[in-house]
Structure formats: structure tokens, C-alpha cells
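*Asks:* Residues per chain are reported as follows:
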Amino acid sequence: MSAYIASLVSVIGINLILALSLNIITGFCGQVSLGHAAFYGLGAYMAAYLAKLGAPLPVTLLAGTAMAGAIGIVVGLTSLRVRHDFLAVTTMGIGFVLLGFVRKQKWLGGELGISGIPGPGLDAVSYALLIVAFAAAVLAFSLWIKQSWMGFTFDAVADDEDAARTVGVNVSTYKLVAFGIGTALAGTAGGLYIYFARIILPDTFDFVQSIAILTMVVIGGTGSVWGVFASTVVLTLLPEVSRAAADYRLLIFGAMLMLVMRFSPGGLAGLLRKPA
Amino acid sequence: MNALAEIDDLHVSFGGVAAANGVSFTVERSELLALIGANGAGKTTALRMVAGILRPDRGRVLFDDRDVTALPAHARVRLGLGFTHQIVRPFYSFSTIENVMLAAGYARTASPWKAITSRSRMAARDKARAILERFGLGAQAERSPRALPLGQRKRLEVARAIALDPKLLLLDEPLAGLSSAEATTMADLIRTLSGQGITVVLVEHNLGEVLRVADRLVVLDAGKVMAQGAPSDVMARDDVRQAYTGVV
Chain A
311 MSAYIASLVS VIGINLILAL SLNIITGFCG QVSLGHAAFY GLGAYMAAYL AKLGAPLPVT
371 LLAGTAMAGA IGIVVGLTSL RVRHDFLAVT TMGIGFVLLG FVRKQKWLGG ELGISGIPGP
431 GLDAVSYALL IVAFAAAVLA FSLWIKQSWM GFTFDAVADD EDAARTVGVN VSTYKLVAFG
491 IGTALAGTAG GLYIYFARII LPDTFDFVQS IAILTMVVIG GTGSVWGVFA STVVLTLLPE
551 VSRAAADYRL LIFGAMLMLV MRFSPGGLAG LLRKPA
Chain B
186 MNALAEIDDL HVSFGGVAAA NGVSFTVERS ELLALIGANG AGKTTALRMV AGILRPDRGR
246 VLFDDRDVTA LPAHARVRLG LGFTHQIVRP FYSFSTIENV MLAAGYARTA SPWKAITSRS
306 RMAARDKARA ILERFGLGAQ AERSPRALPL GQRKRLEVAR AIALDPKLLL LDEPLAGLSS
366 AEATTMADLI RTLSGQGITV VLVEHNLGEV LRVADRLVVL DAGKVMAQGA PSDVMARDDV
426 RQAYTGVV
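As given, the protein sequences belong to chains A and B, one line each in that order.
This note's numbering runs 310 ahead of the 1-based position in the first sequence.
This note's numbering runs 185 ahead of the 1-based position in the second sequence.
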């Protein structure tokens with residue numbers, strides 16, 4: 311595997327973890343989040359900070375995961391008070407607040423971010439394979455959730471929260487669990503990213519990144535694990551195979567989002583599904 | 186406490202208007218109790234407070250020897266206090282049988298840990314299928330609730346509540362919007378549930394069916410209990426006839 315392929319595989323793996331983790335919150339549990347990149351950033355900053363202090367990879371990854379998950383649960387508390395578009399705007403605002411905070415922290419490098427992050431102790435190919443292993447684990451975990459009673463219950467919460475309460479579902483707890491799992495996994499992606507990039511900048515985790523992750527979920531089909539898998543791989547590779555796609559990435563993503571919303575709100579998975 | 190539920194001095198106001206103004210009554214085990222009254226009398230408000238959907242400003246709800254006033258609706262459901270909405274609320278993204286399955290597997294959804302470690306849906310599917318057969322919905326099991334007429338969706342709502350093995354079932358206008366024949370079928374079904382040991386509290390405007398199936402009536406007027414007792418005794422009272430029908 312060449313260094314270029316290893317790099318590409320690493321990016322696909324990280325994007326898969328991000329998209330699948332958002333799919334747990336938005337696709338499975340129906341809680342729209344427009345600030346997912348903030349948790350990716352929280353995991354990255356936490357891991358980078360500890361890595362610079364000399365902490366080994368397992369510790370930095372765990373800390374990044376825990377940090378993002380803990381803040382994610384706090385943010386999830388907002389989902390208990392607001393729903394739908396109000397929740398979307400709230401999560402977007404929280405993303406701005408977290409990013410704005412990081413930009414002003416000198417100890418986190420401010421606008422310049424954190425550079426000089428030590429390597430993972432693995433060569434590029436081995437590290438790419440480690441990322442793939444994590445992405446595969448998140449994929450398997452997503453499939454497990456989907457087929458378990460947790461997935462069934464998430465579907466009910468996404469469909470109608472009040473009706474879910476009538477069948478004894480503690481809606482608040484399930485929503486917090488979805489936020490906790492999804493944001494923690496975004497933190498894991500952040501932790502993996504720092505050893506790949508070796509430098510992190512606040513812009514990497516901005517609103518545009520949140521929308522890019524959401525695009526992967528929506529185009530794949532919210533709630534569909536394999537649909538999100540396919541769209542993430544395609545949308546990550548698209549800028550690589552076409553220079554024009556790279557230059558007009560945002561424009562293309564935006565246009566695809568609009569087309570999917572207009573012609574197939576169920577995304578790729580919706581297109582393949584038989585009509586009821 | 187011999188009664189299954191004791192509703193004690195419930196008060197609630199909306200914008201200064203008292204919707205419940207000291208509602209008190211008891212629900213005996215295995216009875217079919219009907220809450221009746223004119224529009225705005227506070228029937229649905231009282232039922233929602235018993236179910237835990239609405240928090241009273243004052244008063245308490247005792248259920249099965251336990252004060253459940255502070256418990257949210259989902260926790261009361263798990264204690265055996267089931268309820269159905271006035272406007273049917275099936276999960277439209279589920280099939281008919283999946284609607285009942287989720288309720289039938291309530292032990293598996295008691296906590297996220299139990300839910301994530303449980304995968305088999307066989308037992309819940311079998312239980313749900315048996316309940317749907319009982320409710321005359323067996324042939325509709327795999328159809329979307331959207332495809333069901335209102336009468337069947339109302340039955341689905343009650344079937345889903347029954348799958349939770351409730352001790353007390355609160356039904357909010359289950360006959361509303363049904364044709365005369367459908368209303369009779371549904372009322373018979375509710376009577377059957379009561380005969381099987383499930384205590385039922387019914388809020389209903391269809392007085393004819395109520396009088397046919399209820400064991401006891403509680404009449405609400407302006408947020409207060411005006412009368413209660415056997416249907417024939419209650420309906421013989423002039424003040425009840427005046428308040429409820431406008432006819433003395």
C-alpha cells in the first residue's frame with residue numbers, strides 16, 4: 311500500500327466513524343445535530359493535548375472519546391427541551407460556542423491549533439489499518455444497535471416521542487444514550503485524526519465539516535448503516551478522483567443534498583428499498 | 186388500600202382557568218369505570234393527570250398502594266398503568282405488528298443496557314400476533330397503520346396498551362369518530378378486557394355505549410366530581426341530567 315493510498319484509507323476510515331456516529335444520533339434516534347464536528351474537535355484537542363504531554367495512543371484515544379461523550383451528554387440534555395428544527399439550531403450554536411472557545415485558548419494554540427503532535431508509533435500503512443479496524447468496529451456496533459431492542463426503541467423515539475412514552479420508554483434516557491454514544495465515537499475519530507494529521511487547526515472542526523458529515527448521512531439514507539457506509543466512501547473519494555469535484559466540493563455536496571431531499575428523502579437506502 | 190387507584194383532590198389550572206378543581210374518586214379492582222361529563226368538564230384533564238402526562242398543581246394519585254404523583258408517564262406505564270390517546274398515535278414507521286411488539290417486549294426496553302444486549306424479537310412477535318388476533322387485526326399484522334381505517338387504528342392503540350400487561354387501563358375517548366357498529370364492537374371489546382381482570386377507566390362521550398358497558402360512573406362538571414355510583418342511580422339524578430344533557 312502506497313503512502314497515498316494509506317492516507318486515503320485513513321481519511322475514509324475517519325469519515326466513516328464520523329458519519330456512522332452521527333447516524334446513531336440523527337438516523338437511529340431522530341435527533342438532528344448540526345454541530346457534530348465540534349465533538350470530533352473535542353476528541354482531537356483532548357488527544358493532541360495529552361499526546362504532547364507524552365501520553366500513549368490508547369490513553370489519548372480513550373480520553374478524547376470520554377471527553378467528547380461527556381460533553382455530548384450535556385449537549386444531549388438540550389434535546390430534552392427542544393425538538394426538530396429548534397434542536398438543529400441549538401446544536402449548531404453549541405458547535406460555534408465550542409469552536410469559538412478553542413480559538414481563544416492560547417494553551418490550545420488559538421487560531422494556529424496544535425502542531426508537533428508525536429506519531430502513533432506505527433508506520434503509515436499500519437496506522438491506516440488501525441483506523442480501518444476502528445471504522446469496522448463502529449460499523450459492526452451500528453449494525454448491532456440497529457438489530458437490537460435499542461435500535462427498535464430508537465426508531466420509536468424518532469417516530470413519535472409521546473407514543474414511545476405510552477409503551478413505557480424513558481425517552482430522555484434513550485436520547486441521552488444516543489448523544490453519548492454518537493459524540494463519544496466522534497471523539498474517537500478526533501483522537502485517530504491527530505496521529506494521522508500530526509497537526510490540528512480549529513477550522514478542521516467547523517460548521518462546514520458538520521454539514522459535510524450530515525451530507526454523508528442524508529445521502530446514504532438517515533438510519534441506514536450500509537447506505538451511510540456507501541455514501542461516505544463515495545463522497546470521500548469523489549474529490550480524489552476529480553479535480554473539479556475537489557474545487558467545488560461544497561457546491562457539489564449542497565446540490566446533492568438538495569436533490570436527495572427533493573427526489574429521495576430516504577437517500578440511497580430509500581432508493582433501493584421497495585415501496586411499501 | 187382495597188381500591189386499585191385513588192385520585193385525591195387533583196387541581197390544575199391553565200392560565201388562571203381551573204380545569205380540575207379538587208377531583209377525587211377511587212377506582213376499584215377489575216371494574217369498568219366511566220368518566221363522563223359535558224365538554225370542558227375536565228375528564229381528559231383528570232385522565233391525563235392519572236396517566237402522568239399532566240402534572241397536577243395539587244393533589245395526589247395513588248396506584249396499587251403507591252404514591253405515583255411524582256412519577257413520569259413512562260414510569261407509571263411500567264407499574265401497570267397503561268393509557269391510550271384521544272387521537273390515535275401509532276408508530277407510523279412501524280408495521281401494525283411492530284407497534285404491538287415494542288409494547289410486548291417492554292421488559293427489554295426497561296433500560297438502554299437491557300435493550301442493547303437483547304436481540305431476539307420472537308417472543309414479542311408471538312405475543313403481539315396473539316393480541317392482534319384477539320383484536321381482530323391478525324390479517325393486518327404486516328400492514329402499515331396508515332393503511333388501516335380509524336376503527337382498526339383505535340383497536341391497534343388498545344392492543345398496544347394491552348401488550349404492556351396493564352393492571353389499569355385509561356382509555357381516552359376510544360369510541361370517538363367510530364361508526365355506530367364500530368363503536369359497539371369497540372365497547373364490547375373494552376367490556377371483555379374488564380371481564381378478564383383488567384381495570385378500565387374510560388372517558389367517553391358516547392353515553393349509550395357507556396351506560397351499556399360501565400360498572401360505575403363518575404360525573405365531572407366544571408372540574409369537580411358532581412356524582413358517582415351505579416349508572417342507573419347516577420343517570421336518575423336531575424342535576425346530572427341537567428349538567429350533562431341540558432334536559433331535566
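Possibly wrong hints are sitting among the right ones.
Covered by chain B, per the in silico footprint, the following chain A stretches (three or more residues, Cβ under 8 Å) [unchecked claim]:
hint	segment
1	440-450
2	454-467
From the derived model, a few chain A residues whose C-beta atoms are all more than 12 Å from chain B [stated by the list, open to error]:
hint	residue
3	Val321
4	Ser482
5	Gly564
Here are the computed distance ranges between Cβ atoms for each label pair [unchecked claim]:
hint	chain 1	residue 1	chain 2	residue 2	range
6	B	Arg422	A	Arg393	27 to 33 Å
7	A	Phe406	B	Arg328	58 to 64 Å
8	B	Asp350	A	Glu421	58 to 64 Å
It should be emphasised that the hints constitute simulated quantities derived from the structure, not laboratory data.
Glycine residues also receive a C-beta, built at the ideal position from the N, C-alpha and C atoms.
*Asks:* All hints, please: hold or fail.
*Replies:* Tested hints:
Three residues within the 8 Å Cβ limit are the bar, and the segment 440-450 of chain A against chain B gives 0, so the coverage statement is violated. Against chain B, the segment 454-467 of chain A contributes 10 residues with a C-beta closer than 8 Å to a partner C-beta. That satisfies the three-residue criterion, and the hint holds. Distance check on Val321 (chain A): its Cβ is at least 30 Å (rounded) from any Cβ of chain B, clearing the 12 Å threshold; non-interface status holds. Not every CB of chain B lies more than 12 Å from the CB of Ser482 (chain A), the least distance being 9 Å, so the non-interface label is violated.
No beta-carbon of chain B comes within 12 Å of the beta-carbon of Gly564 (chain A); the shortest separation is about 28 Å. Restraint check, Arg422 (chain B) to Arg393 (chain A): a C-beta distance of roughly 46 Å breaks the suggested window 27 to 33 Å. Taken as a hint, the range 58 to 64 Å is violated for the pair Phe406 (chain A) and Arg328 (chain B), whose Cβ atoms sit roughly 45 Å apart. With their beta carbons about 60 Å apart, Asp350 (chain B) and Glu421 (chain A) fall inside the hinted range of 58 to 64 Å.
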